[in-house]
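Asks: In order, the protein sequence lines correspond to chains A and B.
Mind the numbering: the first sequence is residues 1 to 111 in this note's numbering, read in order.
Mind the numbering: the second sequence is residues 1 to 112 in this note's numbering, read in order.
One or more of the hints may lead you astray.
[Stated by the list, open to error] Pairs of lysine-lysine residues, derived as DSSO-like cross-links and limited to a Cα-Cα distance of at most 27 angstroms, are as follows:
hint, chain 1, residue 1, chain 2, residue 2
1, A, K18, A, K71
2, B, K59, B, K70
3, A, K57, B, K70
4, B, K70, B, K57
5, A, K57, B, K36
6, A, K70, A, K57
7, B, K36, A, K3
8, B, K56, B, K36
[Unchecked claim] Quick list of the computed label-pair ranges, beta carbon to beta carbon:
hint, chain 1, residue 1, chain 2, residue 2, range
9, B, S30, A, V12, 36 to 46 angstroms
10, A, S80, B, I47, 18 to 28 angstroms
11, B, G40, A, G97, 26 to 36 angstroms
12, B, S30, A, L41, 18 to 28 angstroms
13, B, G53, A, I77, 37 to 47 angstroms
14, A, S80, B, G1, 18 to 28 angstroms
15, A, V52, B, E17, 33 to 43 angstroms
16, B, K51, A, G16, 48 to 58 angstroms
17, B, S96, A, E69, 23 to 33 angstroms
18, B, G40, A, D26, 30 to 40 angstroms
19, B, T77, A, V12, 41 to 51 angstroms
20, A, R107, B, T28, 29 to 39 angstroms
Just so you know, the hints here were simulated from the structure itself, not pulled from any lab data.
From a predicted model like this one, the values you see are computed outputs, not experimental measurements.
Glycine included, each C-beta is placed from N, C-alpha and C at the ideal position.
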Amino acid sequence: DVKVTQSSRYLVKRTGEKVFLECVQDMDHENMFWYRQDPGLGLRLIYFSYDVKMKEKGDIPEGYSVSREKKERFSLILESASTNQTSMYLCASSLPGLPLHFGNGTRLTVT
Amino acid sequence: GQQVMQIPQYQHVQEGEDFTTYCNSSTTLSNIQWYKQRPGGHPVFLIQLVKSGEVKKQKRLTFQFGEAKKNSSLHITATQTTDVGTYFCAGRWTTSGSRLTFGEGTQLTVNP
Numbered sequence: 001d002v003k004v005t006q007s008s009r010y011l012v013k014r015t016g017e018k019v020f021l022e023c024v025q026d027m028d029h030e031n032m033f034w035y036r037q038d039p040g041l042g043l044r045l046i047y048f049s050y051d052v053k054m055k056e057k058g059d060i061p062e063g064y065s066v067s068r069e070k071k072e073r074f075s076l077i078l079e080s081a082s083t084n085q086t087s088m089y090l091c092a093s094s095l096p097g098l099p100l101h102f103g104n105g106t107r108l109t110v111t
Numbered sequence: 001g002q003q004v005m006q007i008p009q010y011q012h013v014q015e016g017e018d019f020t021t022y023c024n025s026s027t028t029l030s031n032i033q034w035y036k037q038r039p040g041g042h043p044v045f046l047i048q049l050v051k052s053g054e055v056k057k058q059k060r061l062t063f064q065f066g067e068a069k070k071n072s073s074l075h076i077t078a079t080q081t082t083d084v085g086t087y088f089c090a091g092r093w094t095t096s097g098s099r100l101t102f103g104e105g106t107q108l109t110v111n112p
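Same shape as in the complex, but just chain B (with noise of 0.2 angstroms):
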């Protein structure tokens, strides 16, 4: 089946430090969404990129979706202890319907 590659696994930073989080597909994406999973949580959605070459900005949290439609990235600058967690992207396909495909995640531990 279709699937998300995310990297990297694990990611530990320095408070203060810039964090980034890169998801790949195969095969061209209709859209992407990210997650965010506190410690002991569940995912909570964050955002949805639908088009070309997007970039949505909440606060220090940077999307972007590739031009080709087939990679995304989440970039959060100068990391804060409420930003530890796991991120998850999700991709969905023309061919999915309502079906979404989670990466695998990156997990991020920051260093106060």
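Only chain A is shown next, with the shape it has when bound in the complex (with noise of 0.2 angstroms):
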């Protein structure tokens, strides 16, 4: 069965700190994706990865980037956390033109 890890469950950020957030999927995906998801707004795009060192914008990729050095490993990094940023950060992976699994979720507090 594919496992999608997300490091961190929860996690309680201060405004200006950079954060990190870790995900690794065990099942050789080349697709991996950056979600977040708010009340009403539904899942929204940050960025995704098609295979190592690639990367693509979403639908809101300002305030974040990605990196994806192993097939394995995507992380979302948010250079300096803003108050806006408290959400609940979902991960997924894919393979091309399938369904995507995701991970449990980080939900970011930034105070």
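Since each chain comes alone in its own frame, lean on the hints to assemble the complex.
Replies: Take a look at the structure:
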């Protein structure tokens, strides 16, 4: 069974801090995604990657960057956290064109 | 960018009643997927629709893809308390590659 692991379930950070959210998948999937989920807004795509060192901006990339140095790992970076980045962050992976497998999510609070 | 609109945002039903959620795109989709997220959980894949006019069933759940491939629906017959959760549609377009765009979701509550 596919396993997508997000490093933290809950995270509290201060405004201006640099924040790293880590995601690891164990099924050799080419595609990896970062979404944020907010009430009433559904899941909004921040960035995705279709191969090592390849990345594409999603719908809301401002304030975020990503890194994919190894196929199994996709990191989301908040260069300078702000309160409006308080949210649930969901990582997912998939084979091309196939369904997404999600991690359990990281609930980030920026104070 | 391309969007998928989903309605209603919330639906409260009595156990045994039916439930339907609808998704709409202004442009033709290449395929659409449906996910369910239980309270406190993460989205879990339910089904993918690819063909125009496609209808698929999973027990009490019926999924439809419109003839123009611009809309889709999920219908649950005789809801049960185990159906509680948020249902999301997610669409792909031929121009969007592997990008999957989610609708806003419909949160279903079922009163026993």
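Asks: Run every hint past the structure and note whether it holds.
Replies: Consistency of the hints with the structure:
For the hint linking K18 (chain A) to K71 (chain A), the alpha-carbon distance of about 23 angstroms falls within 27 angstroms, and the restraint holds. Proximity of K59 (chain B) to K70 (chain B) is assessed by CA-CA distance (about 25 angstroms); at most 27 angstroms being required, the pair is judged to hold. Restraint check: the Cα-Cα separation between K57 (chain A) and K70 (chain B) comes to about 24 angstroms, which is no more than 27 angstroms; the hinted pair holds. Annotation: proposed proximity of K70 (chain B) to K57 (chain B) holds, straight-line Cα distance about 20 angstroms (limit 27 angstroms).
Among the hinted pairs, K57 (chain A) with K36 (chain B) is consistent with the structure: their alpha-carbon atoms are about 25 angstroms apart, no more than 27 angstroms. The suggested pairing of K70 (chain A) with K57 (chain A) holds, with an alpha-carbon distance near 19 angstroms, which does not exceed 27 angstroms. Between the alpha carbons of K36 (chain B) and K3 (chain A) the distance comes to roughly 18 angstroms, so the proposed pair stays at or under 27 angstroms and holds. A hinted pair counts as satisfied when its Cα atoms are at most 27 angstroms apart, and K56 (chain B) with K36 (chain B) qualifies at roughly 16 angstroms.
For the pair S30 (chain B) and V12 (chain A), the supplied restraint of 36 to 46 angstroms holds, since their beta-carbon distance comes to about 40 angstroms. At roughly 40 angstroms, the beta carbons of S80 (chain A) and I47 (chain B) sit outside the given window of 18 to 28 angstroms. The hinted window of 26 to 36 angstroms between G40 (chain B) and G97 (chain A) holds, with their beta carbons roughly 29 angstroms apart. Restraint check, S30 (chain B) to L41 (chain A): a C-beta distance of roughly 24 angstroms satisfies the suggested window 18 to 28 angstroms.
Look at G53 (chain B) against I77 (chain A): about 44 angstroms separates their beta carbons, and that is inside 37 to 47 angstroms. The hint said 18 to 28 angstroms for the Cβ distance between S80 (chain A) and G1 (chain B), and at roughly 25 angstroms that hint holds. About 49 angstroms separates the C-beta atoms of V52 (chain A) and E17 (chain B), a value inconsistent with the hinted range of 33 to 43 angstroms. For K51 (chain B) and G16 (chain A), the Cβ-Cβ distance of about 50 angstroms falls inside the hinted range of 48 to 58 angstroms, so the restraint holds.
For S96 (chain B) and E69 (chain A), the Cβ-Cβ distance of about 25 angstroms falls inside the hinted range of 23 to 33 angstroms, so the restraint holds. Evaluation of the 30 to 40 angstroms hint for G40 (chain B) and D26 (chain A) yields a failure: the beta carbon distance comes to about 23 angstroms. Between T77 (chain B) and V12 (chain A) the Cβ separation comes to about 43 angstroms, which falls inside the hinted range of 41 to 51 angstroms. Checked against the hint of 29 to 39 angstroms, the pair R107 (chain A) and T28 (chain B) passes, with Cβ atoms roughly 36 angstroms apart.
Of the hints listed earlier, those the structure fails to meet are numbers 10, 15, 18, in rising order.
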